[in-house]
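Participant: Chain B: place on chain A using the hints.
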Amino acid sequence: MPLSSPKRVSFIQQLFNSRFRIITSGDAADNDDFNLLDFQHYQESPDVKKKRLELIEEVENENILEEGVINPPKENPNKILSNILEDYVGLKEPIAFVSKISNPYRNLAIEDHIFNQMPVPKDQGSNYNRLIFYTNSPCVVIGKNQNPWKEVNVPLLNSLHIPLVRRKSGGGTVVHDGGNVNYSFMTTKNNFDRYTFAKIIRDGVNKYEGSKYRLEVNERGDITTEKQQDDVCYKISGSAYKLAKGKSYHHGTMLLNLRLDILKQLLHRDEAKLGIVDAMASVGSVKSKVTNFEMENDKFIELVTNEFQSIYGKPIDYGEQSDPDEYDQNELFGLTDFVEANALNKTTKVIIIDDDTTLPEYVYETESQLKEWDWKFGGTPRFSHKLMNEKFGFEILFKVDKRAIVREMELTFLPNDLRILSEDKIKQSFEFLQNMISKGEMKYKGSELAGFITNDMISDWLGESIDGTS
Amino acid sequence: MLPGRALRLEVVRVEKTNIPSQSAGSPFSPSQPESCDSPAPLVSPVTRSSLMRPSVLARQFKPMIPSVRYNSTNFTINTQSHVFKYLNEGPKYVKFTEEHEWLAVHEDDTGFVGITTYAAEALGDATFIELPEVGTTVDIGENIGSVESVKSASEIYSPVHGEIIAVNDILESKPQLINDDPMGNGWIAQIKLLEPTTVESSEELMDSEQYEDSLKDE
Chain A
32 MPLSSPKRVS FIQQLFNSRF RIITSGDAAD NDDFNLLDFQ HYQESPDVKK KRLELIEEVE
92 NENILEEGVI NPPKENPNKI LSNILEDYVG LKEPIAFVSK ISNPYRNLAI EDHIFNQMPV
152 PKDQGSNYNR LIFYTNSPCV VIGKNQNPWK EVNVPLLNSL HIPLVRRKSG GGTVVHDGGN
212 VNYSFMTTKN NFDRYTFAKI IRDGVNKYEG SKYRLEVNER GDITTEKQQD DVCYKISGSA
272 YKLAKGKSYH HGTMLLNLRL DILKQLLHRD EAKLGIVDAM ASVGSVKSKV TNFEMENDKF
332 IELVTNEFQS IYGKPIDYGE QSDPDEYDQN ELFGLTDFVE ANALNKTTKV IIIDDDTTLP
392 EYVYETESQL KEWDWKFGGT PRFSHKLMNE KFGFEILFKV DKRAIVREME LTFLPNDLRI
452 LSEDKIKQSF EFLQNMISKG EMKYKGSELA GFITNDMISD WLGESIDGTS
Chain B
7 MLPGRALRLE VVRVEKTNIP SQSAGSPFSP SQPESCDSPA PLVSPVTRSS LMRPSVLARQ
67 FKPMIPSVRY NSTNFTINTQ SHVFKYLNEG PKYVKFTEEH EWLAVHEDDT GFVGITTYAA
127 EALGDATFIE LPEVGTTVDI GENIGSVESV KSASEIYSPV HGEIIAVNDI LESKPQLIND
187 DPMGNGWIAQ IKLLEPTTVE SSEELMDSEQ YEDSLKDE
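Residue numbers (our numbering), protein chains in the order written: chain A, 32 to 501; chain B, 7 to 224.
Okay, chain A solo, but in the shape it has when bound (with noise of 0.2 angstroms):
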């Protein structure tokens, strides 16, 4: 890390180095990737080093006329030395966690784990306040009590295999991908509001002038754009939340690249092919107009964990033996201006998690969870989904139950002269699956009603509208 030699590092040129070098211990390509990287090419004025140099000299002088000896080279206390997770999930500090992963199961269950073992800080003064970042390969994310039949063009997700994700918070249905970036932000139960973070990361974001719009937070606590010439405020992120065990969090997707156009199609749902769903309790999704903000993930990374240090993070300590009102450090570089500016005299561990990092099973468990079935679509409250058979001239309403179980079926004969199939013989083909109905455990899938279905044709478009599989 020291950029001179090792054997005569100057406490000042610690302090100096590890101030622009709070972010990992990490190589260039780190640094690189929160946009610090220019920081390593920082070159100095010939009097400012002149000046530099002699302030060292005349701090080091004064340390051995006091102490006698110089004092010792001091840490930065926010270098990150340790690969594993379970070393900062329950450090009682404000912590910023990056994920590098791109698996959204596996981040979802990280984001739960460090949630979960976030502790609570006994008195209102001190905050342990998280915030993650994660970028998932192309999915589409449901609320925790959401019907993705109803949401999500269900056939299609399958056929493009694009996963199916539902989350533990509130609200409506997202499309990620690499072009969105996701920020969860962790607090106490009592501290919980909706609109605090929203306007964390509007102000860090609108301190940065290259950006294509200036960012707002509305009513309902969604972050976006500035009135545009047509009236509207588009929409650039959208938020959930969760209240559990004295804490919260506010986690939402920033739409800063994503693919727009394949958003829309699959939350395009034609009713003619896939039915109608009657989500009856379910939460539904509120669709509003959105945009890109088109800015670097990187760079909306490295401006809101800037606010988020500047706001809850602790100020920069290098350890007991310093004494802060001796000298303003920031004074001394004639950097205050600066350090006020940046506001990099708060700061917060940051913890990039990638494939290398070692997670708890914990992590694993829950992703495992959150990929079965039972979870994805069993957690759909109560609905029914009728679906129309032109060429048969039938209509099937399915009733389900909790856990997606079929309570019941009822088939429905439309006027149709040009049957190629009497009603008798689309009555008996159903027989069967009407029997396993009534037993009590058939689950909503595709495949497996399809499978008792007696006419192949009958059987493909069944599993086919139901959910792509037959």
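Calculated directly from the structure, the hints in this document are not laboratory data.
Fair warning: this is a prediction, and the values are worked out from it, not measured in the lab.
Yeah, the Cβ is synthetic: ideal placement off N, Cα and C, and Gly gets one too.
Treat the hints with care, as some may be off.
[Claimed, not checked] Reference listing, derived: stretches of chain A covered by chain B, where coverage requires no fewer than 3 residues with Cβ under 8 angstroms from a Cβ of chain B:
1) 198 to 205
2) 260 to 272
3) 300 to 314
[What the hints assert, rightly or not] Some residues of chain B that are not near chain A, with every Cβ distance over 12 angstroms (derived):
4) His88
5) Phe90
6) Asn94
7) Gly96
8) Asp114
9) Asp115
10) Tyr163
11) His167
12) Glu169
13) Ile171
14) Glu178
15) Ser179
16) Asn185
17) Asn191
18) Lys198
19) Ser207
Facilitator: Relative to chain A, chain B alone:
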């Protein structure tokens, strides 16, 4: 909203309140009725000087506190509801948890569970209530469902060890009942207590007075 800045403002405020010759028209006068929009509605004028403490300062920005003053009538069971009328006598006792659940126990050692008026107000309009399954046995602190409101899912925990013997199905089609009557018709589950003797004396559970005090301390 840097804490440091807030603190400086508060120092000025407290100094003002300490001036004995303060006029009645001062915004800091103890006699002034607190408006509903007051940022710190739960701080009584007597304890104002405690605003110096950072823990209390933090509360000023705490949106979980609804803009309503609570008194004992806020935390009683609706006498017109099934929860009260289930047995002739009304509930034997009512307890509260830190997670803002209430528990109303009847003579037959069954207890109704729901969320408090405070929690219902703080969460806002409920859009979905997840109910537990009848017949399951739950431990103290085990998840027995959740309330979704305005995009937030809030977990509900069982205050007791027991078996779920009934759930309030009406909440499935009318989740807003939990806002309209959280401590009555908005009950969530009825639990048969498996360790009835330990419940009333449990140190984890609060009576209504303690619960109210806990809201002031937060």
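Participant: Each hint needs a verdict: does it hold in this structure or not?
Facilitator: Against the structure, the hints:
no., hint, in the structure
1, 198 to 205, "holds (count 5)"
2, 260 to 272, "holds (count 3)"
3, 300 to 314, "holds (count 4)"
4, His88, "holds (20 angstroms)"
5, Phe90, "holds (26 angstroms)"
6, Asn94, "holds (33 angstroms)"
7, Gly96, "holds (31 angstroms)"
8, Asp114, "holds (28 angstroms)"
9, Asp115, "holds (27 angstroms)"
10, Tyr163, "violated (8 angstroms)"
11, His167, "holds (18 angstroms)"
12, Glu169, "holds (19 angstroms)"
13, Ile171, "holds (18 angstroms)"
14, Glu178, "violated (5 angstroms)"
15, Ser179, "violated (6 angstroms)"
16, Asn185, "holds (15 angstroms)"
17, Asn191, "holds (17 angstroms)"
18, Lys198, "holds (21 angstroms)"
19, Ser207, "holds (24 angstroms)"
The structure fails to meet hints 10, 14 and 15 from the earlier list, while all remaining hints are met.
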